[in-house]
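Given the sequences, and given the hints that come with them, work out the whole structure.
2 protein chains.
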Amino acid sequence: MLDQGRPEPLQVKAIGSFHVGGEIRTLTGLPIRQRVSTPGGPAYAVDPNGELAVGQMYVQYVRLAAPRTAVPLLMWHGGGMTGANWETTPDGRPGWQWYFLRAGLDVFVSDAVERGRSSFAPYPQVYAEAPYYRTAREAWEKTFRFGPAGSYHEDPARRRAHPDCRFPLADFDVFMKQSVPRWDCNDALTQAAYDALVARVGDCFLLMHSQGGNFGLHAALSAPDKVKAVIAVEPSGAPDPDRHDPAVLRHVPHLFIWGDHLEGNEFWTKYRPGARRWYEALVAAGVPARWLELPEQGIRGNSHALMMDDNSDDIADMIMAWLTRMVPMFSKT
Amino acid sequence: MLDQGRPEPLQVKAIGSFHVGGEIRTLTGLPIRQRVSTPGGPAYAVDPNGELAVGQMYVQYVRLAAPRTAVPLLMWHGGGMTGANWETTPDGRPGWQWYFLRAGLDVFVSDAVERGRSSFAPYPQVYAEAPYYRTAREAWEKTFRFGPAGSYHEDPARRRAHPDCRFPLADFDVFMKQSVPRWDCNDALTQAAYDALVARVGDCFLLMHSQGGNFGLHAALSAPDKVKAVIAVEPSGAPDPDRHDPAVLRHVPHLFIWGDHLEGNEFWTKYRPGARRWYEALVAAGVPARWLELPEQGIRGNSHALMMDDNSDDIADMIMAWLTRMVPMFSKT
Numbered sequence: 003m004l005d006q007g008r009p010e011p012l013q014v015k016a017i018g019s020f021h022v023g024g025e026i027r028t029l030t031g032l033p034i035r036q037r038v039s040t041p042g043g044p045a046y047a048v049d050p051n052g053e054l055a056v057g058q059m060y061v062q063y064v065r066l067a068a069p070r071t072a073v074p075l076l077m078w079h080g081g082g083m084t085g086a087n088w089e090t091t092p093d094g095r096p097g098w099q100w101y102f103l104r105a106g107l108d109v110f111v112s113d114a115v116e117r118g119r120s121s122f123a124p125y126p127q128v129y130a131e132a133p134y135y136r137t138a139r140e141a142w143e144k145t146f147r148f149g150p151a152g153s154y155h156e157d158p159a160r161r162r163a164h165p166d167c168r169f170p171l172a173d174f175d176v177f178m179k180q181s182v183p184r185w186d187c188n189d190a191l192t193q194a195a196y197d198a199l200v201a202r203v204g205d206c207f208l209l210m211h212s213q214g215g216n217f218g219l220h221a222a223l224s225a226p227d228k229v230k231a232v233i234a235v236e237p238s239g240a241p242d243p244d245r246h247d248p249a250v251l252r253h254v255p256h257l258f259i260w261g262d263h264l265e266g267n268e269f270w271t272k273y274r275p276g277a278r279r280w281y282e283a284l285v286a287a288g289v290p291a292r293w294l295e296l297p298e299q300g301i302r303g304n305s306h307a308l309m310m311d312d313n314s315d316d317i318a319d320m321i322m323a324w325l326t327r328m329v330p331m332f333s334k335t
Numbered sequence: 003m004l005d006q007g008r009p010e011p012l013q014v015k016a017i018g019s020f021h022v023g024g025e026i027r028t029l030t031g032l033p034i035r036q037r038v039s040t041p042g043g044p045a046y047a048v049d050p051n052g053e054l055a056v057g058q059m060y061v062q063y064v065r066l067a068a069p070r071t072a073v074p075l076l077m078w079h080g081g082g083m084t085g086a087n088w089e090t091t092p093d094g095r096p097g098w099q100w101y102f103l104r105a106g107l108d109v110f111v112s113d114a115v116e117r118g119r120s121s122f123a124p125y126p127q128v129y130a131e132a133p134y135y136r137t138a139r140e141a142w143e144k145t146f147r148f149g150p151a152g153s154y155h156e157d158p159a160r161r162r163a164h165p166d167c168r169f170p171l172a173d174f175d176v177f178m179k180q181s182v183p184r185w186d187c188n189d190a191l192t193q194a195a196y197d198a199l200v201a202r203v204g205d206c207f208l209l210m211h212s213q214g215g216n217f218g219l220h221a222a223l224s225a226p227d228k229v230k231a232v233i234a235v236e237p238s239g240a241p242d243p244d245r246h247d248p249a250v251l252r253h254v255p256h257l258f259i260w261g262d263h264l265e266g267n268e269f270w271t272k273y274r275p276g277a278r279r280w281y282e283a284l285v286a287a288g289v290p291a292r293w294l295e296l297p298e299q300g301i302r303g304n305s306h307a308l309m310m311d312d313n314s315d316d317i318a319d320m321i322m323a324w325l326t327r328m329v330p331m332f333s334k335t
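Sequence order for the protein chains is F and L. So the first sequence is numbered by our numbering: it starts at 3 and just counts up by one. So the second sequence is numbered by our numbering: it starts at 3 and just counts up by one.
Please note: incorrect hints may appear among the correct ones.
Which copy is meant is left open, because identical chains are indistinguishable; a pair holds if it fits in one copy or across any two.
Said to hold, decoys possible - SDA-like, lysine to any residue: derived pairs with alpha carbons at most 20 Å apart:
(1) Lys-15 / His-263
(2) Lys-272 / Arg-35
(3) Lys-15 / Arg-104
(4) Lys-228 / His-253
(5) Lys-228 / Asn-313
(6) Lys-272 / Arg-37
(7) Lys-15 / Ala-67
(8) Lys-228 / Ala-249
(9) Lys-272 / Gly-43
(10) Lys-272 / Gly-152
(11) Lys-228 / Pro-96
(12) Lys-272 / Tyr-46
Honestly, the hints are just simulated from the structure, not real lab data.
In structure tokens form, the structure reads like this:
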């Protein structure tokens, strides 16, 4: 029996996963290796030559018994992360996956190609280069903006954060454990897998973070009949309006959301103008697009990790309110 | 409203995740790299030196509103795989994660250290060697036993399988997409993370596959007060009875399950005797252990992927029947 006052259980119809995209590549000419595949086990000759799956993408879904709409929400994480960043926050609160399930949407969380359960391929045989590993300093000072340049220190007691930082800094180590290596040479494979996901799922809403933003904005361009709304949370890139016509998106609402402390940040000073340029092209083409800077709403201190900051549920509320206002299917229910 | 005849929805209290184990390592002396982190974006100098999280393990949980017991089932996958192998089968049937949730257990699915959402660390800076990538031939002929030695062919039409093979061979490519690279130099890190998981969760049942078997059998030895039952599905290794005393497990039921076509298989001829030796030591020490060879029950054709074979639900039924018979807490409900 449930306790009084507790939320009702989520009514779930299915939990499962699949892989989309990918292809078979054949490796040749590599030397045999001797391997011991379990502690204390015998040595065993392994031939690394042969066929491998490359470029596939893992997608996990949770389907509700009675969703508010048949259109699911696809959640695409950013660079150096996996779908885990939509789950529990570093300080243990329910994350946006749970939020949007409770809000009545079927949710599909994917791991980008080369990351998490999507696997990665050998380099230099398949990928052209070695991966990048995010350092604590890079996350703290640059992409995630927990503190200004020069504020990170190996001794937690000597780290300086923005005084109003909303990220749960006491659990910075938990955040670092969510990081995974990334490559910069796999954009075409990754875009192809995201496009394949939209083709497989059909009608969908896209919610992307950071590097996922560029892939999602492109996916909408390629399938404007299927993508019913686009929510780009601090996208680090966007389509080039000189090369893509935003007019095909005239019926696809777009929301761009930004946190705080972007001014003067080395990474974002380079990477934000592309997103702004695409937003302006969308508006000029008549696309219902909104550019939401949280500080302009009086909401200060958000980091790049909006889905983990202490007001993550408030931001999800804003997204859900925008979505239900902009998308006709919600007004029918 | 639900259709007549459909199963009732699963009543879910929480879905989330966390990382256990791991530590911070510092890289030094590596050259700066120039990186472009989004298609069309500007170049950006990246310093690979600094602190990284290493050795952590990702764990995703689904908690029921009213589980049959407060003791959850921890599902530990095998080598070159991730937790995805407990989810949907390659041919699209609900997998064992869903089965055991429907059977009334809270389920925790982890990705082993270095795999999936647990991330991996740089080599040779942190890991001593390069990873192994499973080839299609290796899976087909050796570890997973879909066909005998020499039966794999790059042309699907020319592949030969065991005539009674229960694996859904038409979806072999889907299976290959679930494969991830693995290392053989991280056993201590991996065992430490599994032990940390048991310490964090407390009372639990362990269900392990293949390489996960050895880690689970060791984890039970280290926490015989917390591990309430152990189910080892084709374990590829086991503790050495000359080095470990099985008597501490006297109150921990153990089930070993084996499929077909093990005789004459090169890999399993090397790797199965260690598990048998541990089973016999358990029995000699009075541990309630069972060694279940499915062919001896008249069930032929199972591959190494028992959780994906066409009778996967039947095997899960056998596991659940054994668990409820062997573990006192079920007879109390």
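Practice task
Please work out whether the CA atoms of Lys-15 and Arg-104 approach to 20 Å or closer within one copy, between two copies, in both situations, or in neither?
Solution key: both (14 Å within a copy, 11 Å between copies)
Handout entry: Same-copy or cross-copy closeness of Lys-15 to Ala-67 [CA-CA at most 20 Å]
Key = both (5 Å within a copy, 14 Å between copies)
Practice task
Up to 20 Å between alpha-carbons, please classify Lys-228 paired with Ala-249: within, between, both or neither.
Solution key: Answer is within; shortest intra-copy Cα gap is 15 Å, inter-copy 61 Å.
Practice task
State whether the alpha carbon distance between Lys-15 and His-263 is at most 20 Å within one copy, between copies, both, or neither.
Solution key: Cα proximity of Lys-15 and His-263: none, with 42 Å in one copy and 36 Å across.
Practice task
Can you give me the call for Lys-272 and Arg-35, within, between, both or neither, at a CA distance of at most 20 Å?
Solution key: Close across copies (17 Å), not inside one copy (44 Å); limit 20 Å.
Handout entry: Within, between, both or neither, where Lys-272 and Gly-43 count as close if Cα-Cα is 20 Å or less
Key = The answer is between: 8 Å across copies meets 20 Å, while 51 Å in one copy does not.
Practice task
Could you place Lys-272 and Tyr-46 in one of the four classes (within, between, both, neither) given a Cα distance threshold of 20 Å?
Solution key: Close across copies (9 Å), not inside one copy (50 Å); limit 20 Å.
Handout entry: Homomeric proximity label, Lys-272 with Arg-37: Cα distance no greater than 20 Å
Key = between (45 Å within a copy, 12 Å between copies)
Exercise for the section: Tell me, please, which holds for Lys-228 and Asn-313 at an alpha-carbon limit of 20 Å: within, between, both or neither? Expected result: neither (31 Å within a copy, 37 Å between copies)
Practice task
Since the copies are identical, ignore which copy is meant and state whether Lys-228 and His-253 lie within 20 Å (CA to CA) inside a copy, between copies, both or neither.
Solution key: within (11 Å within a copy, 56 Å between copies)
Exercise for the section: Classify it for me, Lys-272 with Gly-152: is the Cα-Cα distance of at most 20 Å met within a copy, between copies, both or neither? Expected result: Result: close within a single copy only, 18 Å intra versus 55 Å inter.
Problem - 20 Å Cα threshold - placement of Pro-96 relative to Lys-228 - result: neither (29 Å within a copy, 27 Å between copies)
Of the hints listed earlier, those the structure fails to meet are numbers 1, 5, 11, in rising order.
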